[in-house]
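Protein chains: 4
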Amino acid sequence: MTGDTLREECGVSGIWGHPHAVTLTHYALYALQHRGQESAGIAAACSGDDGLKLHRGLGLVAEVFGEETLESLRGDCAVGHVRYATTGNTSLRNAQPLVVRLKSTSLGLAHNGNLTNAARLRRCLEGRGSIFQSTSDTEVIAHLTARARSDEMGASLLEALQEVRGGYAMVALTPGQLFAARDPAGIRPLCLGKLGDGWMVASETCALDTAGATFVRDVAPGELLRIDDEGLTSLRITGKAPSALCIFEYIYFARPDSNLEGHNVHQVRKELGRLLAMDHPVDADVVSGVPASSLSAATGYAEQAGIPYEMGLVRNRYIGRTFIQPGDELRKLGVRLKLNPLRKVVEGRRVVLVDDSIVRGTTSKILVELLRAVGAEEIHLRISSPPYRYPCYYGIDTSSKGELIAAGRTVEEIRAIVGADSLAYLDEDRVAEAAGGTRSDFCTACFDGDYPVPPEETDEDCFGEVD
Amino acid sequence: MTGDTLREECGVSGIWGHPHAVTLTHYALYALQHRGQESAGIAAACSGDDGLKLHRGLGLVAEVFGEETLESLRGDCAVGHVRYATTGNTSLRNAQPLVVRLKSTSLGLAHNGNLTNAARLRRCLEGRGSIFQSTSDTEVIAHLTARARSDEMGASLLEALQEVRGGYAMVALTPGQLFAARDPAGIRPLCLGKLGDGWMVASETCALDTAGATFVRDVAPGELLRIDDEGLTSLRITGKAPSALCIFEYIYFARPDSNLEGHNVHQVRKELGRLLAMDHPVDADVVSGVPASSLSAATGYAEQAGIPYEMGLVRNRYIGRTFIQPGDELRKLGVRLKLNPLRKVVEGRRVVLVDDSIVRGTTSKILVELLRAVGAEEIHLRISSPPYRYPCYYGIDTSSKGELIAAGRTVEEIRAIVGADSLAYLDEDRVAEAAGGTRSDFCTACFDGDYPVPPEETDEDCFGEVD
Amino acid sequence: MTGDTLREECGVSGIWGHPHAVTLTHYALYALQHRGQESAGIAAACSGDDGLKLHRGLGLVAEVFGEETLESLRGDCAVGHVRYATTGNTSLRNAQPLVVRLKSTSLGLAHNGNLTNAARLRRCLEGRGSIFQSTSDTEVIAHLTARARSDEMGASLLEALQEVRGGYAMVALTPGQLFAARDPAGIRPLCLGKLGDGWMVASETCALDTAGATFVRDVAPGELLRIDDEGLTSLRITGKAPSALCIFEYIYFARPDSNLEGHNVHQVRKELGRLLAMDHPVDADVVSGVPASSLSAATGYAEQAGIPYEMGLVRNRYIGRTFIQPGDELRKLGVRLKLNPLRKVVEGRRVVLVDDSIVRGTTSKILVELLRAVGAEEIHLRISSPPYRYPCYYGIDTSSKGELIAAGRTVEEIRAIVGADSLAYLDEDRVAEAAGGTRSDFCTACFDGDYPVPPEETDEDCFGEVD
Amino acid sequence: MTGDTLREECGVSGIWGHPHAVTLTHYALYALQHRGQESAGIAAACSGDDGLKLHRGLGLVAEVFGEETLESLRGDCAVGHVRYATTGNTSLRNAQPLVVRLKSTSLGLAHNGNLTNAARLRRCLEGRGSIFQSTSDTEVIAHLTARARSDEMGASLLEALQEVRGGYAMVALTPGQLFAARDPAGIRPLCLGKLGDGWMVASETCALDTAGATFVRDVAPGELLRIDDEGLTSLRITGKAPSALCIFEYIYFARPDSNLEGHNVHQVRKELGRLLAMDHPVDADVVSGVPASSLSAATGYAEQAGIPYEMGLVRNRYIGRTFIQPGDELRKLGVRLKLNPLRKVVEGRRVVLVDDSIVRGTTSKILVELLRAVGAEEIHLRISSPPYRYPCYYGIDTSSKGELIAAGRTVEEIRAIVGADSLAYLDEDRVAEAAGGTRSDFCTACFDGDYPVPPEETDEDCFGEVD
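Chains as they are written, first to last, in the numbering used here: chain A, 1 to 467; chain B, 1 to 467; chain C, 1 to 467; chain D, 1 to 467.
Everything labelled a hint here was simulated from the structure, so no lab data went into it. One thing to keep in mind: the hints can contain errors.
A pair holds if it fits inside one copy or across any two, identical chains being indistinguishable in the list.
Derived DSS-like pairs (lysine-lysine); straight-line CA-CA distance at most 30 Å [unchecked claim]: (1) Lys344 to Lys365; (2) Lys240 to Lys332; (3) Lys344 to Lys194; (4) Lys365 to Lys240.
Based on the sequences and whatever the hints tell you, model everything.
Given below as C-alpha cells:
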C-alpha cells in the first residue's frame with residue numbers, strides 16, 4: 001500500500017483452559033501486532049478466581065510486556081488485545097482489555113471494530129446515571145451488560161450485543177467463562193481453534209498457528225460463543241443476515257499466512273496479481289512490488305506476465321510508530337528512508353510496480369519520482385484492488401472522503417497526479433473472484449459505497465423499556 | 001540465515017559541512033540499523049565550536065532519539081554509530097561515539113570492527129598511567145591519539161592507527177574536521193559520498209542514499225581521510241596490503257540495496273542463488289527462502305531452476321531484541337512465532353528451502369520440523385555460502401568454534417542433524433565469482449580459516465619508544 | 001509520636017475564581033503534604049470550559065507535579081488532593097481527584113475521611129448496574145450523584161451526601177461551580193477563605209496562608225457550600241448534629257501553624273505540655289521532645305516545670321516513604337537513623353521525654369534503650385494525650401485494636417514494656433480543656449470508644465426507592 | 001540561615017571489614033544527606049575481589065538507592081558520597097565515587113572539598129596525554145595517582161596528594177584497602193570510628209552513630225590513613241601546618257548531633273545564642289529561631305535573656321530540590337510556603353528572630369515583611385555569626401562577592417535593607433570562644449578574608465619531573 005493512512009483498528013485473542021494461557025496469548029498478540037500498534041493488553045484468570053489480573057500499556061507488545069509483568073499474570077484463561085485508536089483517543093484509559101466489576105464478578109472485554117450507534121447508546125446510558133471512564137466503544141458494551149436484566153453473564157452479554165450495531169469481533173472473559181462474538185454481518189473476522197484440552201479464539205488464524213492451536217472453524221456472523229466447564233455453547237445475537245466479510249482483509253490487512261473462510265491470504269493476493277496481469281498487461285522488463293504487503297501480488301503478476309520479478313525497492317523495517325516525520329524540505333528523504341529504490345535493478349528498465357491500493361496518493365507520487373531519479377525508463381503502476389473511494393465505518397481508519405485521491409477522480413486523473421506512465425486497477429468482481437466468491441459475499445463499501453450496515457443510527461429512542 | 005548468532009558489530013556514519021548534518025546522520029543510522037541494535041549515538045558540532053554535543057543511549061535508533069534530543073544536537077558536522085556488543089559488554093559506558101577532550105580540543109570517535117591487539121595496547125597504556133573508562137576498543141584509539149607526539153589531529157590519529165591491528169572502519173570528528181579510516185586489509189566496508197557542498201562517509205551506500213548523498217568511491221584499505229575547510233586529504237596508514245573485504249558482507253550483513261566495490265548486494269545474492277541452482281539442482285515443486293535475508297538468493301534459484309518461487313514462511317517483523325525466549329517446552333513455538341510456515345503453500349509439495357548460511361543449526365532443525373508438520377513432502381535445504389567453520393576476529397560475533405554446527409562435521413552429518421532430505425552448500429570459488437572476483441580478493445576466513453590478519457598479537461613490546 | 005502507624009487519610013483544597021488557581025492549589029498541597037504522602041492530584045478548569053483537566057500521580061507533590069504538568073493544567077478554578085490509602089489500595093486508579101462525566105458535565109471529586117456505609121452503598125449501586133473503576137469511597141459519592149433525580153449539580157450532590165455516613169471533608173468542581181462539604185458531626189476539619197476576588201477552601205488554615213488567602217470561617221458540620229457566579233450559597237445536608245471534631249487533629253495531625261475552630265494548634269500543644277507538667281511533675285535535669293510533632297508540648301512542659309528544654313534527639317528529615325526497613329539485626333539502627341540521641345546532652349542526666357502519643361510502642365521502647373545507651377540516668381516518658389485504645393473509623397489509619405499497646409493494658413504495664421523509669425498520660429478532660437472546650441465537643445473515640453457515628457452500617461435496605 | 005545560597009559541597013563515608021558494610025554506608029549517607037543532595041553513590045567490594053561494584057545517581061539517597069540496587073552492591077568494605085555541585089556541573093558523569101582501573105586494580109575515590117590548583121593540574125595532565133571523563137576535582141587525584149611512580153597504592157596516593165592544594169576530606173577504596181585523607185590545614189572535617197572488628201571514617205560523627213560505630217578520633221590535618229589486613233597505618237602528606245577547621249561547620253553545616261574536635265555542634269550553637277544575648281540584648285516578648293538550623297541558637301538566646309522561646313515560624317519539610325521557584329508576582333508566597341509565620345504567636349509582640357547567618361539577604365527581608373504582616377510589633381534580628389563577606393575556596397558554594405549582602409556594607413545598611421527594627425551580629429572572637437578555641441584555630445576567611453591556603457595557584461610549572 002503506497003498511501004499511509006489505512007489502519008486496522010484492532011486484533012483480539014482469547015484462550016480458555018490451558019496452563020500456558022498467558023504466554024500463548026502473549027505470542028498471539030505478537031502474531032496480531034500488524035492489526036494494531038498503539039497499545040496492548042492481557043487480562044487473565046484462573047478458573048474459580050475472584051478477579052482478573054490485567055496489564056495493558058501504550059506501545060508495541062514488546063514494549064508493554066516484560067518478563068516480570070507476564071509472570072504477574074497467572075492463569076489458565078486469558079484475553080488479549082492490540083489496538084489502533086480510531087474511536088477514542090490514544091491514551092492508556094482507552095487501552096484494552098477493559099476490566100470491570102459487574103454482576104458480582106469481574107469481566108474483561110476486548111473488541112475489534114466499530115459500533116455505529118455507540119454515541120447514541122452512551123447518551124442514553126449517561127442519562128440513566130452510568131458513569132463512563134473512557135471514550136471507547138467497549139465500555140458501552142460493558143454498561144449495557146451491567147444493566148441487563150439477566151443475572152447470567154452469557155444472557156447479559158447477548159442482551160447487550162442485541163442493542164449494538166456495526167462491525168466487530170469481541171472477546172470477553174470472567175474467571176470461568178470465555179465469550180467470543182462476531183457482528184451479524186461478519187464484517188470483522190474471528191476464528192476458533194482447539195488448544196490442547198482447551199479452546200482458543202483469535203482475529204486471524206496466524207495467531208492460532210503461533211500458539212500451537214488447531215483451526216476448527218470461523219466464528220459465524222451473529223454468533224456468541226460461550227466456553228466453560230460445560231463445553232462450547234453457540235448463542236445467536238440475531239437471525240441470519242447476509243454475510244459481508246471486509247474484502248480489505250484479503251487485500252491488505254490480514255497476514256499472508258492467515259486463512260479467511262478457508263482461503264489463504266497470500267494465495268488470494270498472488271491470484272489478485274495474476275488477474276491484474278491478465279486484465280491489465282503491459283510490455284516491461286521487470287516487475288516489483290511495494291514491500292511488504294504487495295509482494296505476493298507482484299510475484300503473481302510476474303509469473304502470469306512472464307516478466308522477471310525483482311527487488312526494486314528495499315523497505316527499512318526499523319521505521320516505526322515513533323519516527324519523527326520530516327518537514328517539507330526533507331519529505332522525499334523521509335519516504336526514501338522507508339523505501340529505497342535499487343538503482344542497479346531499475347536503471348534503464350521499464351518497471352511494473354504493483355501495489356495493493358492507493359489511499360491519499362502522496363507516497364505513490366514520491367515513489368514514482370524516486371524510481372525515475374534512479375533511472376527507470378517507464379513506470380507502470382498496477383493496483384491489485386479497485387479505487388478506494390468511500391470511508392469505512394466498521395473499524396478501519398481512513399482519511400475523510402476528501403483526502404482519498406480516488407474520490408471524485410478518474411483513473412487518468414489519478415495517473416497524472418502520481419506521474420506514472422500508466423495506471424490500472426483491478427475491478428470489484430475480479431477481487432471477489434480471487435477471494436473465492438462473488439461481490440455480494442463481501443463488504444466492498446470502500447469501493448462502491450454500498451454499506452451493509454447503516455453508517456449512522458438515526459433512531460432517537462433509547463434501548464430497552466424500563467431500566 | 002537460520003542460525004541466530006551471526007551479528008555485525010557496528011555501523012558508522014559521518015557528515016561534514018551540511019546544514020542538516022544531524023537529521024541526515026539520524027536518517028543514516030536508521031539505514032544502518034541492521035548492523036547494530038543495542039545502542040546508538042550521535043556527536044555533532046558546528047565548525048568553530050569549542051566542544052561536541054553528544055547523545056547516545058541503549059536501544060534502537062527510534063528509542064534513543066526523540067525530537068527534543070535531536071534539536072539539542074545542532075551542528076553542520078556529525079558522526080553517528082549503531083552498535084552490537086562483541087567486545088565490551090552492553091552498557092551505556094561502551095556506547096559510541098566516545099567523546100574525549102585531548103590536544104586542546106574535543107574528539108568524537110566511532111568505529112566498526114575489532115582490534116586484534118587491543119588487550120596488549122590497553123595493558124601498555126595503563127602501565128603508563130592512562131585511565132580507561134570503558135572496555136571498548138575505541139577508547140584504546142583515543143588514548144593512543146592523546147599520547148601521540150604530534151599536535152595536529154590528523155597526524156596524531158595516523159600515529160595511533162599505525163599501532164592498531166585488525167579489521168575496522170572508523171570515523172572521528174572535531175569541531176572543524178571529519179576523519180574516516182579503513183583498516184589496511186579493507187576487511188570492513190566504508191564509502192565516501194558528496195552531500196550538497198559537504199561530504200559524507202558511511203559503512204554502506206544505503207546510508208548515502210537515505211541522506212540524499214551521491215556515491216563517490218569506497219574509502220581505500222589503509223586510507224585515512226581528513227575533511228576540513230581545506231577540502232579532502234588522503235593519508236596512508238600503511239603501504240598497500242592485499243585487499244580482503246569480508247565476503248559475508250555480501251552473503252548476509254549488508255543491506256540488499258547497498259553496493260560494495262561496485263556490486264549490488266541484492267544482485268550478488270540473486271547470482272549466488274542462480275549458481276546454487278546450477279551446482280546443486282533438485283526435482284521440486286516450490287522454492288522458498290528464509291526471510292528476510294535469503295529472499296534474493298531464493299528468487300535466483302527459482303528463476304534458474306524454473307521452479308515457482310513461493311512464500312513458504314512468513315516472518316513476524318515485530319519480534320525484536322527484547323523478545324523473551326521461551327523455555328524448552330515452548331521453544332518450537334518461539335521459532336514459529338518468528339517464522340510461520342504456510343500450510344496451503346507447502347502441503348503435499350517438494351520444497352527447496354534456500355538459506356544464506358547455517359551457524360548453530362538449531363533454527364534450521366526446527367524449520368524443517370515445522371515444514372514437515374504442515375505437510376511438506378520433501379525438504380531440500382540449499383545454502384548460498386560454504387559451511388561456516390571458523391570464528392571471526394574482525395568484528396563479527398560468532399559462537400566459539402565448538403558451537404558452529406559445521407566445525408568438524410561433514411555435510412551429510414549436518415543434513416542428518418537438521419533432518420532435511422538433502423543439503424548442499426555453494427563453494428568458496430562460486431561465492432567469489434558471484435561477487436565479481438576471485439577467492440584471494442576477499443576475507444573468507446570463516447569458511448577456510450585463512451586469516452588475513454593474525455588473530456592474536458604475540459609481540460610483547462609496548463608501542464612507541466619513550467612517551 | 002513514637003509509634004509509627006497513625007496516619008491521616010488525606011487533605012483537600014479548592015479554589016474558585018483566581019487567575020493563579022492551579023499554582024496556588026499546588027502550593028496548598030505542599031502545605032497539606034503532612035496529611036498524605038502516597039498520591040497527589042489536581043483537577044482544574046476555566047469557567048465555561050467543557051471539561052476538567054486532571055493530573056494525578058503516586059508520590060509526593062514534588063514528585064507528581066513538574067513544570068510541564070502544571071502548565072498543562074490551566075484554569076481559574078481547581079481542586080487538589082493529597083492522600084494516604086486507608087480504604088482502597090495504593091494505586092493510581094484510587095488517586096484523587098476522581099473526574100467523571102455526569103449530568104452532561106464533568107465533575108471532579110476529592111475527599112478526606114471515611115464513609116462507614118460505603119460497602120453497602122457500593123453493593124446496592126452495583127446491583128443496579130453501576131460499574132466501579134476504583135475501590136475508593138469517592139466513587140460511591142460520584143455514582144450516587146449520577147443517579148440523583150435532580151439535574152442541578154448542587155441538588156444532586158446534596159441527595160448523594162444525604163445517603164452517606166461517616167467523617168469527611170469533600171471538595172467538588174465543575175467548570176463553573178466549586179462545592180465543599182463537611183460531615184454532619186464535623187469530624188474532619190474544613191475551612192473557608194477569601195482569595196482575591198475568589199474563594200478558597202482547605203483542610204487546614206496553613207493552606208490558606210500559603211496561598212495568600214484570608215481566613216473567613218470554618219465550614220459548618222453538615223454544610224454543603226456552593227460557590228459560583230451567583231456567589232456563595234450554604235445548603236444543609238442534615239439538621240444540626242452535636243459537633244465532634246477529631247481531637248487528634250490538635251494532638252498530632254494538624255500543622256502547628258494551623259488554627260482549628262479559632263485555636264492555634266501549636267499553642268494548644270504547648271498548653272497540653274503545660275497541663276502535663278502540672279498533673280505529672282517529676283524531678284529532672286532536662287526536658288526533650290520527640291521531634292518533630294512533640295516539640296511544642298515539650299517546650300510547654302519545660303516552661304511550666306522550670307527545667308531547661310534541650311535537643312535530646314535529632315530527627316533525620318531525609319528518611320521518607322521509600323526508606324527500606326532494616327531486618328531484625330539492624331532494627332535499632334533503623335530507629336537511630338531517624339532519631340539520633342545527643343550523648344553530650346543526656347549523658348548523666350535525668351531526662352523528661354515528651355511525646356504526643358504511643359501507638360504500638362515499638363519505637364518508644366527503642367528510644368528509651370538508645371537514651372540509656374548514651375548515658376541517660378533516668379528517663380521519664382510523658383505523653384500529651386490519653387492512652388490510644390480504640391480504632392478510628394473516620395479516616396485515620398490505626399492498627400487493628402490488637403496492635404495498640406494501650407488496648408487492654410494498664411499504664412504500669414505499658415511502662416514496663418517500653419522500659420521508662422516513669423510514664424504518665426494526660427487525661428481526656430485536660431486535652432479538651434487545652435483545646436478550649438469540654439470532652440463532649442470532640443470525637444475522643446480513640447481514647448474512650450465513644451463513637452459519634454456508628455462504625456458499621458447494619459441497615460440492609462438500599463438507598464432511595466425507585467431508581 | 002535566611003539566605004539561601006550557602007551549600008556544603010559533599011559528605012563522605014568509608015567502612016572497612018564489616019559484613020553489613022553496604023547497608024551501613026547507605027545509612028551513613030542518609031545521616032550525611034544535609035551535606036549534599038544532588039547526587040549519591042556507593043562503591044563496594046569484598047576483600048580479594050578483582051573489581052569494585054558501583055552505583056550512583058542524581059538525587060537524594062532515597063531516590064538513588066532501591067532494594068535491588070543495594071543487594072547488587074555486596075561487600076565487606078565500601079565508600080559512599082553525597083554531593084552538591086560547586087565544581088563540575090550537575091551530571092551523572094560528575095557523581096561520586098569515581099571508580100577507575102589503575103595500577104592493576106580498581107580504585108574508588110570520593111571527596112568533599114575543593115582543590116585550589118585543580119585547573120592547573122588538569123592542564124598539565126592533559127598536555128601529557130591523560131584523558132578526562134568528568135569535570136570533577138576527584139578525577140585529577142585519580143590521574144595523579146595513575147601516573148605516580150610507586151606501584152603501591154598508599155605511596156601512589158601520597159604522591160598524588162602532595163601535588164594538590166586546597167581543603168578536602170577524601171576516602172578511597174580498593175578491594176582490600178581503605179584510605180582516608182584530610183587536607184594539611186584540616187579545613188574540612190573527617191573522623192575515625194571502630195565498627196565491630198572493622199573501621200569506619202566519615203565527614204561527621206552523626207554518621208558513625210547511625211552506623212553503630214564508636215568514635216575513635218578525628219583524622220589529623222595532613223594525615224593519610226591506610227586500613228587493611230595489616231591494621232591501621234598513618235602516613236603524612238606534609239609536615240605539620242597550622243590547623244584551620246572551617247568555623248561554618250559549627251555555625252551552620254554540621255548536624256547538631258555531630259561532634260567536631262570534641263565539641264557538640266548543638267551545644268556550641270546554643271552557646272552562640274547565649275553569647276549573642278549577652279552582647280546584643282534587647283527588650284522583647286518572644287524569641288524565635290529560623291528553622292531548622294537556628295533553633296539551638298534561639299533557645300540559647302531565650303534562656304540567657306529570660307524571654308520565652310516560641311515557634312514563630314513553621315518550616316515546610318516537603319519543599320525540596322525540585323520545587324519550582326515562583327515568578328516575581330508570587331515570590332513572597334514562595335518564601336511563605338517554606339516558612340509560615342504563626343500569627344497567634346507574634347501578633348502584637350516584640351519578636352527576637354535568631355538566624356545563623358545572612359547571605360544574600362533576600363529571604364531575611366521577606367521574613368521580616370511576613371512577620372510584620374501577621375502583626376509583629378517589633379522585629380529584632382540577631383545573627384549568631386559575623387557578617388559573611390568573602391567567598392569560600394574550600395568547598396562551600398557561596399555567591400560571588402558581589403551578591404553577599406554584607407560585602408561592603410555596614411550593619412546599619414544591612415538592617416535598613418532587610419527592614420528589621422534592629423540587627424546585630426556576633427563577632428569572630430565570640431564564635432571561636434563558643435567553639436572552645438581562639439580565632440587562630442579556625443578558618444574564618446568568609447568573615448575576614450584571611451585565607452589559610454592561597455585561593456589561586458600561580459605557579460606555572462607542571463608537577464613532577466619526567467613522566
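Do the hints match the structure? See the list:
no.	hint	in the structure
1	Lys344 to Lys365	within (21 Å within a copy, 36 Å between copies)
2	Lys240 to Lys332	neither (50 Å within a copy, 41 Å between copies)
3	Lys344 to Lys194	between (49 Å within a copy, 19 Å between copies)
4	Lys365 to Lys240	neither (44 Å within a copy, 47 Å between copies)
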